[in-house]
Amino acid sequence: MSDKIIEVKNLSKSFGDFEAVKDVSFTVYKGDVFGFLGPNGAGKSTTIRCMLSLIKADRGTINIFGQSLHEHRHDILARTGSIIEKPDFYKYLSALTNLEIFSRISGKPSTKKEIYAMLDFVGLSGREKDKVGGFSHGMKQRLGIAQTLLHNPDLIILDEPTTGLDPQGIIDIRNLILQLRSEKNKTVLLSSHNLSEIEIISNRMVIINKGRSIVEGSVSELLNSEELIVTLEVDNAISAQNITTKHFPKAQIASTEGQVLHLTISKTDVANLNKTLIENGVSVSSIESKRKLEDYFIKIINN
Amino acid sequence: MFLKSTYNEFVKIAAKPRSYLGLLVITILVGVILFALKVDGMSFISFVTSSFEQTLTFEGNILNGNLIAFIVLQMLIIHIPLLVALVTGDLISGEAATGTIRMLLTKPISRTNLLLSKFMAGAVYTMCIIIWLGIMAVVVGKLLFGSGDLLVLNSDGLVILQQDDVNWRYLGGFAVAFLALLTVSLLSICLSVFSENSIGPIVTTMAIIILFTIIGTLDVKIFDNVRPFLFTTHMISWRSFFEDPLPMKEIWKSIIVLLVHNVAFISIAIYAFNKKDITS
Numbered sequence: 000m001s002d003k004i005i006e007v008k009n010l011s012k013s014f015g016d017f018e019a020v021k022d023v024s025f026t027v028y029k030g031d032v033f034g035f036l037g038p039n040g041a042g043k044s045t046t047i048r049c050m051l052s053l054i055k056a057d058r059g060t061i062n063i064f065g066q067s068l069h070e071h072r073h074d075i076l077a078r079t080g081s082i083i084e085k086p087d088f089y090k091y092l093s094a095l096t097n098l099e100i101f102s103r104i105s106g107k108p109s110t111k112k113e114i115y116a117m118l119d120f121v122g123l124s125g126r127e128k129d130k131v132g133g134f135s136h137g138m139k140q141r142l143g144i145a146q147t148l149l150h151n152p153d154l155i156i157l158d159e160p161t162t163g164l165d166p167q168g169i170i171d172i173r174n175l176i177l178q179l180r181s182e183k184n185k186t187v188l189l190s191s192h193n194l195s196e197i198e199i200i201s202n203r204m205v206i207i208n209k210g211r212s213i214v215e216g217s218v219s220e221l222l223n224s225e226e227l228i229v230t231l232e233v234d235n236a237i238s239a240q241n242i243t244t245k246h247f248p249k250a251q252i253a254s255t256e257g258q259v260l261h262l263t264i265s266k267t268d269v270a271n272l273n274k275t276l277i278e279n280g281v282s283v284s285s286i287e288s289k290r291k292l293e294d295y296f297i298k299i300i301n302n
Numbered sequence: 000m001f002l003k004s005t006y007n008e009f010v011k012i013a014a015k016p017r018s019y020l021g022l023l024v025i026t027i028l029v030g031v032i033l034f035a036l037k038v039d040g041m042s043f044i045s046f047v048t049s050s051f052e053q054t055l056t057f058e059g060n061i062l063n064g065n066l067i068a069f070i071v072l073q074m075l076i077i078h079i080p081l082l083v084a085l086v087t088g089d090l091i092s093g094e095a096a097t098g099t100i101r102m103l104l105t106k107p108i109s110r111t112n113l114l115l116s117k118f119m120a121g122a123v124y125t126m127c128i129i130i131w132l133g134i135m136a137v138v139v140g141k142l143l144f145g146s147g148d149l150l151v152l153n154s155d156g157l158v159i160l161q162q163d164d165v166n167w168r169y170l171g172g173f174a175v176a177f178l179a180l181l182t183v184s185l186l187s188i189c190l191s192v193f194s195e196n197s198i199g200p201i202v203t204t205m206a207i208i209i210l211f212t213i214i215g216t217l218d219v220k221i222f223d224n225v226r227p228f229l230f231t232t233h234m235i236s237w238r239s240f241f242e243d244p245l246p247m248k249e250i251w252k253s254i255i256v257l258l259v260h261n262v263a264f265i266s267i268a269i270y271a272f273n274k275k276d277i278t279s
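Residue numbers (numbering that gives the first Met the number 0), protein chains in the order written: chain A, 0 to 302; chain B, 0 to 279.
No lab work stands behind these hints: they were computed from the structure. Cβ coordinates follow ideal geometry from the N, Cα and C atoms, glycine included. Among the hints, a few may not be true.
To be verified - Quick list of simulated restraints, FRET-style, between CB atoms: (1) N39/A x M0/B: 34 to 44 angstroms; (2) S266/B x R58/A: 56 to 66 angstroms; (3) V202/B x N39/A: 53 to 63 angstroms; (4) N166/B x Q66/A: 52 to 62 angstroms; (5) K55/A x A13/B: 28 to 38 angstroms; (6) M0/B x E113/A: 18 to 28 angstroms; (7) A35/B x G122/A: 51 to 61 angstroms; (8) L258/B x A116/A: 29 to 39 angstroms; (9) N166/B x A116/A: 53 to 63 angstroms; (10) I134/B x K111/A: 32 to 42 angstroms; (11) I27/B x S195/A: 57 to 67 angstroms; (12) I170/A x L20/B: 14 to 24 angstroms; (13) W131/B x E113/A: 30 to 40 angstroms.
Could you build all of it, start to finish, from the sequences and the hints given here?
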């Protein structure tokens, strides 16, 4: 965890009066599948575009592979593969010609044999000479992945790579990302507005909202918090509140709405709470628990 | 990287159907003119020569390939800019509209190199258009109508050029015409940097040409100081090669004005493109 691949510090970017990114900071380490999580319009794409020098930041620094992006753009981009939002190709050209075009200026041109092998790897074997205009969204996404990987980059940046894909396509892309990490030791930055997607494939993440980075850390630590938000539906909320306070002093009652209780409690105490309430004559008709971060993230989106 | 990127641009231009529209339109237009002159060319010529018939006697093949090529050039050179801009105006903005510019700029190529490769591709395309116009006008014209002395009616009067004195003039004329069209091509690419749709730069290029042409032809004193510096004023400088003696001073002046425009358009485009945020 010592090799920093990406280090973004205090990045800010405005478009006119609109501040798209405000003091965003985060670090990605070698071998990470780093989740870049945030609702739509949070500033994820603007940050990523800054990292690829598509957009010039107003303030802040971006270091990739230990080098300043501003001073070593060419070297950094030669070692980076990316898909921003959606892969756009020349519709009037074949998949093969499209890859040849991007390969020629990638810093490490590929042979035709390598391009055929890559198309086979992403499941587009046999469609090499078909025009991209006739491709489905899923096929274009696969071609985008092929374009990203063709020059064997050390860092892969994927901005919402599963958007618009069918369930099988989503699974394929997720498996591919995991494969890149485990078999090829690539570092992946994955942007998404989908918490479960980040949870499944990322080991570290940052949450960004309204242009600001909110929280950064290990996915397992952030998501598998011991604290849960529990919603109880009981026949007597006042009794339930008193029993909870008496037997579980660390639990915090957040609110009550009629016979519904919202409280924060340790994961290990949830089953005991249910048992204690029943033993003390309170009937529990439903019990729901949510992880704090999930709830927090949903609040961010709803707001 | 520049050469590889330029090769990419050639591949893209060659694969786009609209790139062949210019060649097709030239073929059709020249074909129509050649057909019309073949059928009824003499009445067209007599309309011009009638005013000289009391003082001059015309003998031989007046309606020859050299004259046909001159007529074709005069008729079409004003319309060719649209055909050029149709392709070159799309080189940046078309890629911005489809999102491929974003894909290109995530590769380790500098924006200046990418833009210069597009300028180069635009210049080669313009050259192709001019060469095709030359083939259709001069070569096909001579094949259909034969060779002969060239009669050119200038503002100073009638100029008669010997047939063996004409070919180099066409070469010079086409070279200056290429430079003029290159200016149009570079203007449309420059405008293309500021747009994210294909139509805008094409329409704006034509609007500028029309506006400048109107300023250039309006006999109003207020425009006298501006007129010599408009590139549209020099778009018809190819005609100077068909004067005797050659007005070299005027030709060089035109070349310099057009070159200055070309450098200005390239510089503006490079500056703006390097400053531009790619948000498409």
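Please list, smallest to largest, the hint numbers that this structure does not respect. Violated hints (numbers, rising): 2, 3, 8, 12; every other hint is consistent with the structure.
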